[in-house]
Amino acid sequence: MLDTVVAAETPEGIVLELHPAGLPARFYAFLLDWLIRLAILWGVAIVARFLGGIGIAFWVVLLFLLEWFYPIAFELGRSGATPGKKTFGLKVVMDNGLPITPAASFTRNLLRAADFFPFCYGFAIVSMLLRQDCKRLGDIGAATLVVHQPQAAPRITLQKVEPVAPVRPLAPRDQAALVALAARAPTLTGERLDELAALAASVSGDRGSTGSAVTHRVLGVAQWLMGRRT
Amino acid sequence: MTPLHFEELYQPEWRELETLLDLILGRRNAPKSAAPIQGQRVAVLYRRACEHLALARARSYPAYLLDQLERLTSDAHQVIYQRHEFGLAKLKQFLTEEFPRSVRAHSTYVWVAAALLYVPTFVIGWLVYERPELILSVVSADTAASYERMYSDSATSIGRAAEGDWMMFGYYISHNIGIAFQCFAGGLFTGVGSLFYLLYNGAIIGAIGGYLTERGHSATFYSFVATHSAFELTAIVLCGAAGLKIGHSLVTPGRLGRVQSLVAATRQSAAMVSGSAAMLLIAAAIEAFWSSAGWIPHPVKFAVAGACWIGVLGYLTFQGRRAD
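From first to last, the protein sequence lines are chains A and B.
The numbering of the first sequence is this note's numbering, which starts it at 1 and goes up by one.
The numbering of the second sequence is this note's numbering, which starts it at 1001 and goes up by one.
One or more of the hints may lead you astray.
[Stated by the list, open to error] Derived Cβ-Cβ restraints for the label pairs, each shown as a range:
#1 Asn96(A) with Gln1093(B): 24 to 32 Å
#2 Thr1190(B) with Arg192(A): 53 to 61 Å
#3 Pro172(A) with Leu1088(B): 50 to 58 Å
#4 Gln1093(B) with Gly227(A): 48 to 56 Å
#5 Ala1043(B) with Gln151(A): 19 to 27 Å
#6 Leu199(A) with Leu1055(B): 26 to 34 Å
#7 Trp1126(B) with Gln132(A): 46 to 54 Å
#8 Gln132(A) with Leu1009(B): 32 to 40 Å
Simulated from the structure, these hints should not be mistaken for laboratory data.
It should be emphasised that the depicted structure is a prediction, and the values quoted were computed from it without experimental measurement.
Note that beta-carbon positions come from the ideal geometry of N, C-alpha and C, so glycine has one too.
Working from the sequences, and respecting the hints, build out all of it.
Here it is as structure tokens:
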């Protein structure tokens, strides 16, 4: 159970895979958000000094707003993430995969006061390290989850090899394994590719033999499975 | 059907959905188009993409296809199930019904929290008034002296010592308001945190109030705190009540699991907590702009404070009764 994937089923009957963000990613995001808040307060403080009393009263209210409502405002926005989280490709969702609700965002951010306990977010860190889904106390209470946003996978182009029909019917699992091997082929050394292809040599009727010609035919079978006929 | 054929057949639909999502999410590569987005079309394409993903998984199609479909469906899922609760109508409903009703629905917790805050306030306040040296067992001598300086009649602006102490003023405001959220969050520690923060802050408030009254600064002190405390103390009580509720839900989860029970409790008390957050915002604004203004005569401040207290308590007691 090394994988930390959380499965969330949608009403449409498909299972979405959520990838909870771990402590380091969330720490960097927090750090960036903290710096942004600091910069805003610093900038406003400079202006406020010239305005005197009213300016400073405004700064005080801003301090309160930024401390508690900065994350809520961004989480309920379009991207569902603070600028820090967005930069590191993170996002806050409900733990059933739905977009975060206003009530949950309020709850998870106000419960930060408990996460902060006893100092420096001690409980949050312990909770995140102990739990497989890396929730801090606020996330547990509000049933939310911080996830990695799915990144676009590069489209794989298979090497141009003459398609070869398999000599025996293949189960879907075997087909998937062959196609995955073909997709990985460009990243493997020739020798390693030959070794792996030799394991699958039976599909092209070359059981027991090895060599670049066998590899060529195995990759050809993968092409055939993908749907290329010429 | 082979993967390539499958992809070729349905790629146009995926592209269309992707373009619509780019438009909705305002992504950088979104095409500039003035045509309104057809919500129905997005829903149809989303359901189709879900079917395609289920098929592709069942047929063990190559990883890049599954990846593409997973990304597409999860993006569309987020867009389709997004809840829009930020309209003025929703805000009005929250203020006129949801918030006060949620407070009344949790009246037992609210009364207990109020007792936990105010009983120590009056007991300690009276004790310190009778025997001022007791203040030193609650706060340090330096703090007591600084409070006395802040509220002395000679202070140019009440609630702070000198021109350079605005930082401290800011600190006090965000600290005082943080107390409310601590009272709520403390509930996660089986309610002990809420209990502690309510009692502790009640004691501190009482001690300082009693001390300053005894030293003869009552006019300055009470005119400073009376107005914003209507919002601040009430919000602390409400947050404490929410904290007690989630603590209670952890101790006696009933037929639910402990985490389930906690989630249900936070959901039920969310309206009360977010309403309190709004009250704290009002309190911060009053404290920063009104309470600290030295030029406003005390009778005016006390009159406004009385109106605020009656307004807040009346609002929580009577607003939205008809819908109960």
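Verification of the hints:
no., hint, in the structure
1, Asn96(A) with Gln1093(B): 24 to 32 Å, "25 Å, holds"
2, Thr1190(B) with Arg192(A): 53 to 61 Å, "56 Å, holds"
3, Pro172(A) with Leu1088(B): 50 to 58 Å, "53 Å, holds"
4, Gln1093(B) with Gly227(A): 48 to 56 Å, "55 Å, holds"
5, Ala1043(B) with Gln151(A): 19 to 27 Å, "25 Å, holds"
6, Leu199(A) with Leu1055(B): 26 to 34 Å, "29 Å, holds"
7, Trp1126(B) with Gln132(A): 46 to 54 Å, "53 Å, holds"
8, Gln132(A) with Leu1009(B): 32 to 40 Å, "39 Å, holds"
This entry satisfies every hint, going by the numbered hints stated previously.
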